[in-house]
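Participant: Each chain, letter by letter, is given below.
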Amino acid sequence: AQTVTQSQPEMSVQEAETVTLSCTYDTSESDYYLFWYKQPPSRQMILVIRQEAYKQQNATENRFSVNFQKAAKSFSLKISDSQLGDAAMYFCAYRSQPIIQGAQKLVFGQGTRLTINP
Amino acid sequence: ETGVTQTPRHLVMGMTNKKSLKCEQHLGHNAMYWYKQSAKKPLELMFVYNFKEQTENNSVPSRFSPECPNSSHLFLHLHTLQPEDSALYLCASSPQQGSLEETQYFGPGTRLLVL
Numbered sequence: 091a092q093t094v095t096q097s098q099p100e101m102s103v104q105e106a107e108t109v110t111l112s113c114t115y116d117t118s119e120s121d122y123y124l125f126w127y128k129q130p131p132s133r134q135m136i137l138v139i140r141q142e143a144y145k146q147q148n149a150t151e152n153r154f155s156v157n158f159q160k161a162a163k164s165f166s167l168k169i170s171d172s173q174l175g176d177a178a179m180y181f182c183a184y185r186s187q188p189i190i191q192g193a194q195k196l197v198f199g200q201g202t203r204l205t206i207n208p
Numbered sequence: 007e008t009g010v011t012q013t014p015r016h017l018v019m020g021m022t023n024k025k026s027l028k029c030e031q032h033l034g035h036n037a038m039y040w041y042k043q044s045a046k047k048p049l050e051l052m053f054v055y056n057f058k059e060q061t062e063n064n065s066v067p068s069r070f071s072p073e074c075p076n077s078s079h080l081f082l083h084l085h086t087l088q089p090e091d092s093a094l095y096l097c098a099s100s101p102q103q104g105s106l107e108e109t110q111y112f113g114p115g116t117r118l119l120v121l
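Chains as they are written, first to last, in our numbering: chain A, 91 to 208; chain B, 7 to 121.
Quick caveat, the hints were computed from the structure, so don't treat them as lab data.
Cβ atoms here follow ideal geometry from the backbone N, Cα and C, with glycine treated the same way.
Take the hints with a grain of salt, since some may be wrong.
[As the list claims (entries may be wrong)] Which residues of chain A face chain B? A few of them, derived with a C-beta cut under 10 Å, are:
| no. | residue |
| --- | --- |
| 1 | V94 |
| 2 | P99 |
| 3 | F125 |
| 4 | Q129 |
| 5 | Q134 |
| 6 | M135 |
| 7 | R140 |
| 8 | N148 |
| 9 | L174 |
| 10 | A183 |
| 11 | R185 |
| 12 | K195 |
| 13 | F198 |
[What the hints assert, rightly or not] Residues from chain A that keep clear of chain B, each with C-beta distances beyond 12 Å, as calculated:
| no. | residue |
| --- | --- |
| 14 | M101 |
| 15 | E105 |
| 16 | A106 |
| 17 | E119 |
| 18 | S120 |
| 19 | N152 |
| 20 | R153 |
| 21 | K160 |
| 22 | S164 |
| 23 | Q173 |
| 24 | G175 |
| 25 | D176 |
| 26 | Q200 |
All chains, please: the whole structure from these sequences, using the hints.
Facilitator: See the structure below:
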């Protein structure tokens, strides 16, 4: 079974600076998808960024980018120019490549609470 | 606003009560999910529905009973719950379970407290 580990329960960063959140995962599959979700105090889980394992190029979404190291099974999230609105729980998630029959699940890490200091 | 709504947002119930959680998605998706989020634990997938058919029951106790009357609505019927069932229950939807472009969009959750 796949597992996702976020080793940093809490992180903090000064506003306008850059922070990197770590995520590692364990899988025997070669094709899969990785996600970062953000959950602010409102509790709404919001997709931040997505990475397909078959793509070597790291995904980027405005101030958010990932460092995907497939061999190391590492998927870190970099937030540049941090803003107060970035404060939230961040969850890393793994998903197997789609299959026609059967369940397809997101496996989540434990989350990292990010605080932005003004 | 992700296009997935959940009601109620907060619910307090006794162990002998029967209540239902409702989820509605306005995205034209065909797959819907229930997750449980407890303090200091990763999100746990409970149920998956694809085109109204249940495709996953992740060993959930029978005191939780899901219902999916159509692709836009998903219910979670609760009866004789235990205090340890207190948690945030999140609903999600995606275009179609098994599609390459599947990304799950989450509702705001229902905060449940069982007394």
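Participant: All the hints need checking, so say for each whether the structure fits it.
Facilitator: Okay, the hints, checked on the actual structure:
1. V94: Given a least distance of 7 Å, the restraint on V94/A holds.
2. P99: P99/A check passes; min Cβ-Cβ to chain B is 9 Å, inside 10 Å.
3. F125: Holds: closest Cβ of chain B sits about 8 Å from F125/A, inside 10 Å.
4. Q129: Since the shortest Cβ distance to chain B is 8 Å, the answer is holds.
5. Q134: holds (5 Å)
6. M135: holds (4 Å)
7. R140: holds (6 Å)
8. N148: It is violated, given that the least Cβ distance between N148/A and chain B is near 18 Å, above 10 Å.
9. L174: Check failed: Cβ of L174/A comes no nearer than 20 Å to chain B, outside 10 Å.
10. A183: Result: holds, 8 Å to nearest chain B Cβ.
11. R185: holds (8 Å)
12. K195: holds (5 Å)
13. F198: Holds - the Cβ of F198/A comes within 10 Å of chain B, reaching about 4 Å at its closest.
14. M101: holds (16 Å)
15. E105: About 26 Å separates E105/A from the closest Cβ of chain B, which puts it past 12 Å; holds.
16. A106: holds (27 Å)
17. E119: holds (15 Å)
18. S120: holds (16 Å)
19. N152: holds (17 Å)
20. R153: holds (20 Å)
21. K160: Consistent with the label, K160/A stays out of reach of chain B, its closest Cβ about 18 Å off (over 12 Å).
22. S164: About 18 Å separates S164/A from the closest Cβ of chain B, which puts it past 12 Å; holds.
23. Q173: Per Cβ check, Q173/A is outside 12 Å of chain B; nearest 19 Å; holds.
24. G175: holds (15 Å)
25. D176: holds (18 Å)
26. Q200: violated (5 Å)
Consistency with the previously given hints fails for numbers 8, 9 and 26, ordered from lowest to highest.
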